[in-house]
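K.L.:
Here is how the chains run, residue by residue.
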Amino acid sequence: MIATVARRLGVFALSLVGASLAIFIICQALPGDPARILLGDGASAEQIAAKAHELGTDRPAIVRYLTWVAGMLRGDFGTSYASGVAVSGLIGPTLPVTGALAGFSLLVSVVIALPFGMLAALRRRRWEGVAVSAVAQVGMAIPAFWAGILLSILFGVVWRVLPPNGYIPLTTDPIGWARSLALPVLALALVQAAVLVRYVRSAFIDVLSEDYYRTARAVGWSRWGALLRHGVRNASLSLVTVLGLQLASILVGAIVIEQVFVLPGLGSLLLTYVRQKDVMVIQGVVMLLVLAVLLINALVEVSYVLIDPRLRTAER
Amino acid sequence: MSLLRVRDLTVAFGRRPPVVRGISFDVEPGQRVGLIGESGCGKTVTSLAVMGLLPDNARISGSIRLGDVEVVGSSDRAMSELRGDELTMIFQEPMTALDPTMRCGRQVAEVLRLHSTAAPGAARERVLVMLGEVGFADPERIANSFPHELSGGQRQRVVTAMALINSPDLVICDEPTTALDVTVQATVLKLLDRVLASQNAACLFISHDLAVVSELCSDVLVMLDGEIVERGTASGIFTDAQHPYTKGLVATSRLDLVEPGSRLPLVEDFYAGAER
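Read top to bottom, the protein sequences are chains D and C.
Going by this note's numbering, the first sequence opens with residue 1, and the numbers climb by one from there.
Going by this note's numbering, the second sequence opens with residue 1, and the numbers climb by one from there.
If a hint is listed, it holds; no wrong ones were tucked in.
Away from chain D, derived, C-beta distances all over 12 Å, residues of chain C: (1) G22; (2) Q199; (3) V229; (4) A251.
Example chain C residues on the side facing chain D (calculated, C-beta under 8 Å, incomplete): (5) S80; (6) R83; (7) G84; (8) D85; (9) T88; (10) F91; (11) E93; (12) T96; (13) T101; (14) V111; (15) F146; (16) V159.
Don't read these hints as lab results, they were simulated from the structure.
Every residue, glycine too, gets a C-beta built ideally from N, C-alpha and C.
Bound-form chain D, shown alone (with noise of 0.2 Å):
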């Protein structure tokens, strides 16, 4: 058990690595010396250089990268180059908001899909299981930011029961920033969860042909009995891999709908500062969201283990 952990460890050390090898890599690919952005094009040769000395973009591109590796360990982003602000200030603020839309947006998905994709498994040759697939099919091919364009135009400016867009911090106003956050969070999760159901009514339809699940019958639960008590922890095994893949998208999703909905989380952040060409901001911004999706993974394997006692036995 302790040398899986370690070997897991070792492979999470060596993804970040990697990861901010390439993310540095492809930042210095980017087009445009920061030095010459800042200043302009009237600025001469002799204030380039000395620009780019105070950023400390003349050095070797290894120093920069130890640099900025080693200050990431303490936890520091580096500077960005447009604002002269610390990365991790710029960040930290952003963190709540995309943090909040991406988490409830994974859970609604999951609210919305568990139940509908159980019907759809259950009722499968009814006209309610293939109303549920063909529900799913279509919201599949819906793009996150047109559902979110058309959310915010029916509820916040048609209806007008929720506000269209804006952000308000949960310390402000615990209400507001549900309203405000709602209509962001049904935009991804609505799409999320269309996903999801197929693969719920799939792990749902391989539980009902498990011998277990007849035995469950024979003994006297109900359809929806059987499937709750002893279909849930069986069929989550597949879908917790299929949750953590979806974080991720989530979190791209989230890059957009920020913009559709105004929100100040981390994808505007982001796309402000790839429009300045900040790489300190860029980096930083990217190299999180890597972190968290092997974050993600992680807690992935980990559950497989809480859910599923033969995993427990074969590590030991």
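Start from chain D and add chain C according to the hints.
P.N.:
Here is chain C on its own, set in the frame of chain D:
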């Protein structure tokens, strides 16, 4: 009054021709009836029909009366109340019949609590006693084990404990020992015999093995292509089989009677229709 009374039972799936064709039989309280036949003859479909567990696309006609309840056309909800309580089934595959994510003791206790309002402590006590009855010397350890930590024979005994904990009137056994090796098979059969006797439960025992059936059952029904072709007492079938298919079954189950050095008998030697 018969405990189980099946009349003109016909089962078909979708538009295909029926797999069970108008069979009738009775099981009296405490009686053990063996239902024997080759794979695909309709044995399992018959037993699932009695349990009310046939898939949605099955078309059923005829009558299945369990006590005074008509199973055919009964709601799933009504049947769920009977299943596990008055009527229960032990399946063929002990390796996969238990939920792999749940401890065995809990799975047995669940059946108890599903049909009664036993307090958790009392249920636990009752589960340990039941696990003892199915031959476990250390019920505590078995109750705390996950299915994958037990052998096939042990799992089948846990399944048996699940099936019998509510003292059902009728236990349907669908080839419960087929997946087990021969020595374990004998132990499980002996155990079934003892537990069924101690609870005075009736049993419909499904098998393709006449020798196994004759060990446990007093009466035998022989099924072929969806029909019951012969019925009689277990001993009578051996001495006085009428249908050629039954004669074949008898011959192949008494290999001890074959002259050493001669060819072993086949069912096909007696009944050409079995050759497919």
